[in-house]
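Number of protein chains: 8
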Amino acid sequence: MKFSFENNDRIVFAGDSITDSNSTNPVGEGLFGNLGNGYVRLIEAMLFAYYPEINIRITNSGISGNTIRDLKGRWQRDVLDLEPQWVNILIGANDVWRQMDMPAFPHACVLPDEYEKTLEEMLISLQGKVKGVTLMLPYYMENNLSDKMRAEIEKYDDICRHLGEKYGCIIIDLQHMFDEYLNYHHSSFLAWDRIHPNMTACVLIAREYLKAVGFDFDHKPL
Amino acid sequence: MKFSFENNDRIVFAGDSITDSNSTNPVGEGLFGNLGNGYVRLIEAMLFAYYPEINIRITNSGISGNTIRDLKGRWQRDVLDLEPQWVNILIGANDVWRQMDMPAFPHACVLPDEYEKTLEEMLISLQGKVKGVTLMLPYYMENNLSDKMRAEIEKYDDICRHLGEKYGCIIIDLQHMFDEYLNYHHSSFLAWDRIHPNMTACVLIAREYLKAVGFDFDHKPL
Amino acid sequence: MKFSFENNDRIVFAGDSITDSNSTNPVGEGLFGNLGNGYVRLIEAMLFAYYPEINIRITNSGISGNTIRDLKGRWQRDVLDLEPQWVNILIGANDVWRQMDMPAFPHACVLPDEYEKTLEEMLISLQGKVKGVTLMLPYYMENNLSDKMRAEIEKYDDICRHLGEKYGCIIIDLQHMFDEYLNYHHSSFLAWDRIHPNMTACVLIAREYLKAVGFDFDHKPL
Amino acid sequence: MKFSFENNDRIVFAGDSITDSNSTNPVGEGLFGNLGNGYVRLIEAMLFAYYPEINIRITNSGISGNTIRDLKGRWQRDVLDLEPQWVNILIGANDVWRQMDMPAFPHACVLPDEYEKTLEEMLISLQGKVKGVTLMLPYYMENNLSDKMRAEIEKYDDICRHLGEKYGCIIIDLQHMFDEYLNYHHSSFLAWDRIHPNMTACVLIAREYLKAVGFDFDHKPL
Amino acid sequence: MKFSFENNDRIVFAGDSITDSNSTNPVGEGLFGNLGNGYVRLIEAMLFAYYPEINIRITNSGISGNTIRDLKGRWQRDVLDLEPQWVNILIGANDVWRQMDMPAFPHACVLPDEYEKTLEEMLISLQGKVKGVTLMLPYYMENNLSDKMRAEIEKYDDICRHLGEKYGCIIIDLQHMFDEYLNYHHSSFLAWDRIHPNMTACVLIAREYLKAVGFDFDHKPL
Amino acid sequence: MKFSFENNDRIVFAGDSITDSNSTNPVGEGLFGNLGNGYVRLIEAMLFAYYPEINIRITNSGISGNTIRDLKGRWQRDVLDLEPQWVNILIGANDVWRQMDMPAFPHACVLPDEYEKTLEEMLISLQGKVKGVTLMLPYYMENNLSDKMRAEIEKYDDICRHLGEKYGCIIIDLQHMFDEYLNYHHSSFLAWDRIHPNMTACVLIAREYLKAVGFDFDHKPL
Amino acid sequence: MKFSFENNDRIVFAGDSITDSNSTNPVGEGLFGNLGNGYVRLIEAMLFAYYPEINIRITNSGISGNTIRDLKGRWQRDVLDLEPQWVNILIGANDVWRQMDMPAFPHACVLPDEYEKTLEEMLISLQGKVKGVTLMLPYYMENNLSDKMRAEIEKYDDICRHLGEKYGCIIIDLQHMFDEYLNYHHSSFLAWDRIHPNMTACVLIAREYLKAVGFDFDHKPL
Amino acid sequence: MKFSFENNDRIVFAGDSITDSNSTNPVGEGLFGNLGNGYVRLIEAMLFAYYPEINIRITNSGISGNTIRDLKGRWQRDVLDLEPQWVNILIGANDVWRQMDMPAFPHACVLPDEYEKTLEEMLISLQGKVKGVTLMLPYYMENNLSDKMRAEIEKYDDICRHLGEKYGCIIIDLQHMFDEYLNYHHSSFLAWDRIHPNMTACVLIAREYLKAVGFDFDHKPL
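Protein chains in written order, with our numbering: chain W, 418 to 639; chain H, 418 to 639; chain F, 418 to 639; chain G, 418 to 639; chain C, 418 to 639; chain B, 418 to 639; chain S, 418 to 639; chain U, 418 to 639.
A hint or two may mislead.
When the alpha-carbon atoms are kept at most 27 Å apart in a straight line, the in silico BS3-like pairs for lysine-lysine are as follows [as the list claims (entries may be wrong)]:
| id | chain 1 | residue 1 | chain 2 | residue 2 |
| --- | --- | --- | --- | --- |
| 1 | G | 565 | F | 565 |
| 2 | F | 565 | H | 628 |
| 3 | S | 628 | U | 628 |
| 4 | W | 572 | H | 565 |
| 5 | H | 637 | F | 565 |
| 6 | W | 419 | B | 628 |
Hints in this document: simulated from the structure, not taken from any laboratory.
Using the sequences and the accompanying hints, generate a full structural model.
Structure below.
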């Protein structure tokens, strides 16, 4: 597979705390830890290390606690106005989580219908404006399919999969990847709350992303 | 059921971070937050509020991160030397957890055989020295029985149940209680990592304890 | 007595520092300690633990230092606009206290006439808008009736009792409850300044509240 | 009355948190706030301001939380070894307080018999070694004589009065002074917990002390 | 001399860091250390302690670093609008100091002409609005009259003395008082920079003030 | 090339601040950030992510500021006593750097002769005790061979190369790798001081290490 | 050479972090560390120490991270509006550095053409308004002329040199000075990142400046 | 005059807080601010900047608050054991100051006789062990000779002068230098407490020192 990025491409990673990882808010990039210390920073470092001959600008537009409703509210400012060539979306964990841990606050979560409608608006807004969209499926590091939250996440994954195909996104199935990995280790090996990835889980996420964009581990710069 | 405690009884709660909850280490009691802010503090407040006519001295001997091996190492100093009338034991979460999140460090966890042997030594050491022992079964807030950590905890619960009966302890089955509760809410409603109880889960633990020692919610002081 | 609350009811606790207890200001609710660490948090945890089958939303509208004049100034925003089904009011401690500790600042306290007028306006504003109002009588943990502050609080309690009956509130007589309790322990067992409740006193307050709203300690969820 | 102090006299103030007031522990004196910010610092400043022609060395040997048992334990090191010309003693608040707020910890307080025996040992140890001893009676800022703690303090005051006379101490009756003052203001005007003096109460304590040692407000240095 | 203050009088102390002493800015009063920890707090405590039968409201309107120009800029808001019965003014130290330590910044200090004009405006603004004005002369704790800063302060003192008499103020000659005191101790006994008073120097300032307003150390409340 | 590590192998990374990266000192491993945030943590995460089927225990024995003399001083305790199967050594940067930035302190650096002698002792001590030693050559991110520090590092690299071959180490030539990389970017793209690697440089170091131990980016766990 | 400055001259130092050195932003001067702790503070201290008979007002208008584009944006407010007699300019390090460490962010740096145009505008704006302009050439503490950043800085130095001559500035060739110095010590003796001067390098910069303005080390005040 | 220092000379600066200036205690040298931020650091930077061709090792052995008695107590460890070629001594400020600000603590200061005896012992201990001793006379930034502290310092200066000559020290008369300087500026231009030098005063001290050791401002390295 051919490597997706060209010199001077800009990639915006939009999402919640998984993406944010202590990055500068609302958007962070460049030096001084602005990019956070999660999977986005790792992806940047991998690109910089393996492809030194091309410049790629990475922007972290993740904000902790965001649902897709919150992300939509800042979509114009934090994604579209930045005029990126590539956009990565990973959103949905809080949409489901708040149904579990704050059941008395129905307005705090986002149900599947609204999620679908909002995601579609976001994907439509990108049509014709970017070279490509990578859509990471929300995940819960749990391979018991009957776990309430795992089951609920499944619905959001289906929506992502459906819309991602409809709008020609590159789909990155993190749930599937974690399901496979959990055959080897308990979820607490990756995240104590089954959501926020430790360094090992960041490597796993980054690997899926890099694979999806044609990153070549044997690449040699000219 | 008759209320277990008499005037001037001292109760020592021995355990790990679930018991500790930011209490003073190695042991804490009395004013100034020494007792921590978890289920122990709540139990003390319940006893003080409902039974003002008797004085009960509560000591928190929980230390974060302890396995039963660690607890045994300080058993003489932090439990026996305090000469309590009652002892509560809740230990085992770290013994299992380290098998999950630190699999490369086999010395960091405690396997069932050692757990059983150690617990038995602890229970024997209390024989004839206290009015009673309450033994809380370690738990994992997960009702999927096939979850690796949940399945492993089960073994420790069996050991506790067996030894508890053998040595005449009052058994408090927290795992069963949480299993029941999880029919109503997802585990993230009680603890983000399925171990450390939030205030709601502390109420649940305290309720089981109070029930076990004959606490009467309709009690009126003389 | 029947349990007062139904699924999805929202309860707002309005008051001063006794209610506030380090909650988020002006109003706090949900996760992350937003609800403070006082009697409100305890009541929420009791409801969540015993009645898992119904969702109840608790909001802490207490702000430290508030007199009834301050509370009235933010009544629309911090209580009415939240459209609660239930409102709890506990106000008056600072109205009296400032007469004692800042006698040179007459504008810093609220005298009985203004207190009565203001409370009545607040109660009227709730008429027809809520399922019920619980009115906690302000207290001073002192059973010497000739203590200046205790005597003064008495007047405010009378106003509360009178208006509470007039407007059909559920009256919760904390002063009486504490008077009873102080037969067993000195006030410093509950609060060093006779106002701010420690954990034991929070349990006492919560117990009165739960009793008043028909909480059943033997309740079993379906 | 003649002024008690002569050039180069050293005065040691022994006591608990009332004396300590954030002074350097175990003993503090001299510059840099070592003397704390309570009545001791105020007395020093009054002496320095009104009697600049004589040098008086003031040492704060108060430690927060001390009962007379604690004070006795460090008596040799923190009082006798300093070879003062004058000693002031104010001890007993914690001896009583712990009976009130920690009734389950009988070892945390000091009952009258032990208090009397210990105070007598302390006073005997000073015989022939100092120019004079000023003995401040412990107090509780409460003029309701039936308050449990107030009533208990009375016993300790009687012991002090009796022993103070027996050993020729200058007796400073702070309880009486505060009783008088509380005719004008509520105790919360002086201390929120009726023990720890605010600046106004420090002035009241200092005034009694200065009166007792013959301080002359009309004194003019030569 | 008759005591100046009557029940419910309000006194505003206007000035610079000597007055401010970590008080709340722009104005501070009441509890919680709002009044700072300098001579103003001490005067309040003396009045409260000796004259409990009358209420006096003390406000600290000192702000660190202020010259008379700065004070004039906030005179309406921080003094006149508070409608005090009494005003105390102590200003000028920075007006002179900046001539010494920042000679390259002529705009940072205030020369005698501007000082005189500004002080006169301030005093005129108080005419007929207050019961009395106490005017403290700025000082430098230095009795070498040829010291540049001491000599310069002298000019400001003369202006104060002249205008104070013209407008019927009670003049409090702090410079003279310190000059006398410095016969006994070196200035470093009172302040390391010869300006900011330590506790001893605060007592000296307070004593002059209290003398000037007829405070009676033998006063007994009715 | 075959992957070097087997289940339960322990790898100790010995070195200076490049290795340390805020890890726990003297040695750190396991959870809670004990492993630091540099190349060691990244290598662990890569191994955990790609080879979940085998457990590998990684220990960080780097301490900031260490020269080889310092490392030798703690070699027994921090490396040998841990009984690792594999040891990685990266030492020498401070040995040279102190010659540059502290020329007046000749004892603060380590000259080539001592470096060679010490490294040989270290390598000999590992003979027959480990499965393998990886020896990273010290580097300076500078491809101007005439730079004083770059030229000096060269000598240490030669020593490492020579001894590494003599004792059968796997040699990892970081200097050569950085030299290549600097054809694409200025050194400030990797480290502002040409020594301490940012995340991109950590990826570069980790890549060399993984390559050297037969890590397979296409590896699939069984 | 005659000394450039006269009594009451004001000198503004405009620049980036080299000038800023933790000074107050946007401009700092006078006491309390407002001037930072770099070469500007040192120059002020030298002038104050050697020329006490004249007053010179020094203002630090450096802000960390500024390129010439940033400096131009605040030129009116932070330089011209201050109406200085003398202006010193040292700008360009970030203009070049960002080309090296953030190659993916072309808008973050300033290329030679824009640099030249902007500097010329700044110099023109000063024509006829000041007594003189001192123009420090940007530097990189590196004497390897083929280093990418060193080579690039050279271009900016040429622009400065050319425009400085065109507009009659006093040119201070810091690059040349550092080149000379680096014959004796490695760059890490002066700055770990070859940009931010340590105290030794500040002395070197100050020396060049003072030489350029006719400072006489043998000067004796009248 | 010939420059005193040769390659690899070590100079120890012994003293109190004037020397210390936040340096590492008990002795500090080298990188990371270990040398403090006062005149010692400035002297090092001047030597490094002007004489790059020779290496000079500077050690700061100043500790805040030291009298000569304290310095003597650590003389062996902090000066002699370091085997310096040169020693600078500046001690005496606290010896005198404590007489002024702590007159009730005669043991806190050091009177002339003890000062003389102690200094002589220190100077004798250096005989034959060093290339030279520079003796800075203690100072008080006050040119009013009748100021108590100034007058007292004079006695210590005389002792220094006398012993300095007797033992062949290079005498650096800081008092005289400051006296001269104070003809131009008030002492608050150099130090708010007339002791602790600001940057300008550090330059003045460094200048005297450099002059005394033959530093040449026109020196050009070979």
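Do the hints match the structure? See the list:
Between residue 565 of chain G and residue 565 of chain F, the direct Cα distance comes to roughly 17 Å. Compliance with the 27 Å bound is thereby established for this hinted pair. Between residue 565 of chain F and residue 628 of chain H the alpha-carbon distance is near 42 Å, which puts this suggested pair outside the 27 Å criterion. For the proposed pair residue 628 of chain S and residue 628 of chain U, the alpha carbon gap of about 19 Å is at most 27 Å, so the pair holds. Annotation: proposed proximity of residue 572 of chain W to residue 565 of chain H holds, straight-line Cα distance about 25 Å (limit 27 Å).
Proximity of residue 637 of chain H to residue 565 of chain F is assessed by CA-CA distance (about 30 Å); at most 27 Å being required, the pair is judged violated. A threshold of 27 Å between alpha carbons decides the hint, and for residue 419 of chain W with residue 628 of chain B the separation of about 23 Å falls inside it, so the pair holds.
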